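Start counting the sequence shown at 1; every next residue gets the next number (full-length UniProt numbering).
These are computed hints drawn from the structure, not numbers from a lab.
No experiment lies behind these values; they were computed from the predicted model shown.
The C-beta atom is built at its ideal place from N, Cα and C for all residues, glycine as well.
Please note that the accuracy of each hint is not assured.
Here are the simulated SDA-like pairs of lysine to any residue, each with C-alpha atoms no more than 20 Å apart in a straight line [unchecked claim]:
1. Lys78 to Gly66
2. Lys81 to Ala58
3. Lys78 to Gly60
4. Lys81 to Tyr57
5. Lys42 to Leu59
6. Lys42 to Ala52
7. Lys78 to Asp49
8. Lys42 to Cys22
Just the calculated beta-carbon pair ranges, DEER-fashion [what the hints assert, rightly or not]:
9. Arg19 to Glu40: 26 to 32 Å
10. Arg39 to Lys78: 15 to 21 Å
11. Glu75 to Leu21: 17 to 23 Å
12. Val84 to Thr25: 30 to 36 Å
13. Arg43 to Gln17: 31 to 37 Å
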Amino acid sequence: MRELFLLDGSAEELGWQERALCAQTDPEAFFPEKGGSTREAKRVCLTCDVRAECLEYALGHDERFGIWGGLSERERRKLKKRAV
1 MRELFLLDGS
11 AEELGWQERA
21 LCAQTDPEAF
31 FPEKGGSTRE
41 AKRVCLTCDV
51 RAECLEYALG
61 HDERFGIWGG
71 LSERERRKLK
81 KRAV
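All chains, full assembly: derive it from the sequences and hints.
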């Protein structure tokens, strides 16, 4: 299991990333050019077993680019606003 070492020296387990379907597909689909389609990436996310972990990671780390947990940056921003 891989770990990410954060700035405060703590470690976060990233084993879920090894099970992510996006790791087995073209990464460019998950980081489309501005105005590009997100359909292909979101379709992959729909059947991914670690979708929830991925979204939680993106929200917790303020990921600003790409499709994470089946949501675009704009969709994640809206989700965070509703949660506040």
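Status of each hint after checking the structure:
At roughly 15 Å between alpha-carbon atoms, Lys78 and Gly66 fall within 20 Å of each other, so this suggested pair holds. For the suggested pair Lys81 and Ala58, the alpha carbons sit about 14 Å apart, so the restraint of at most 20 Å is met. A distance of roughly 14 Å separates the Cα atoms of Lys78 and Gly60; the hinted pair therefore holds under the 20 Å criterion. For the given pair, Lys81 sits about 17 Å from Tyr57 by alpha-carbon distance, which is consistent with the 20 Å threshold.
Between Lys42 and Leu59, the direct Cα distance comes to roughly 17 Å. Compliance with the 20 Å bound is thereby established for this hinted pair. For the given pair, Lys42 sits about 13 Å from Ala52 by alpha-carbon distance, which is consistent with the 20 Å threshold. Between Lys78 and Asp49, the direct Cα distance comes to roughly 23 Å. Violation of the 20 Å bound is thereby established for this hinted pair. This hinted pair checks out: Lys42 and Cys22 have alpha carbons roughly 10 Å apart, not beyond 20 Å.
Look at Arg19 against Glu40: about 20 Å separates their beta carbons, and that is not inside 26 to 32 Å. The hint said 15 to 21 Å for the Cβ distance between Arg39 and Lys78, and at roughly 19 Å that hint holds. Evaluation of the 17 to 23 Å hint for Glu75 and Leu21 yields a pass: the beta carbon distance comes to about 19 Å. Range check, Val84 to Thr25: Cβ separation about 33 Å, and the 30 to 36 Å hint holds.
For the pair Arg43 and Gln17, the beta carbons lie near 19 Å from each other, so the given range of 31 to 37 Å is not met.
The structure is inconsistent with the numbered hints 7, 9 and 13, although it conforms to all the rest.
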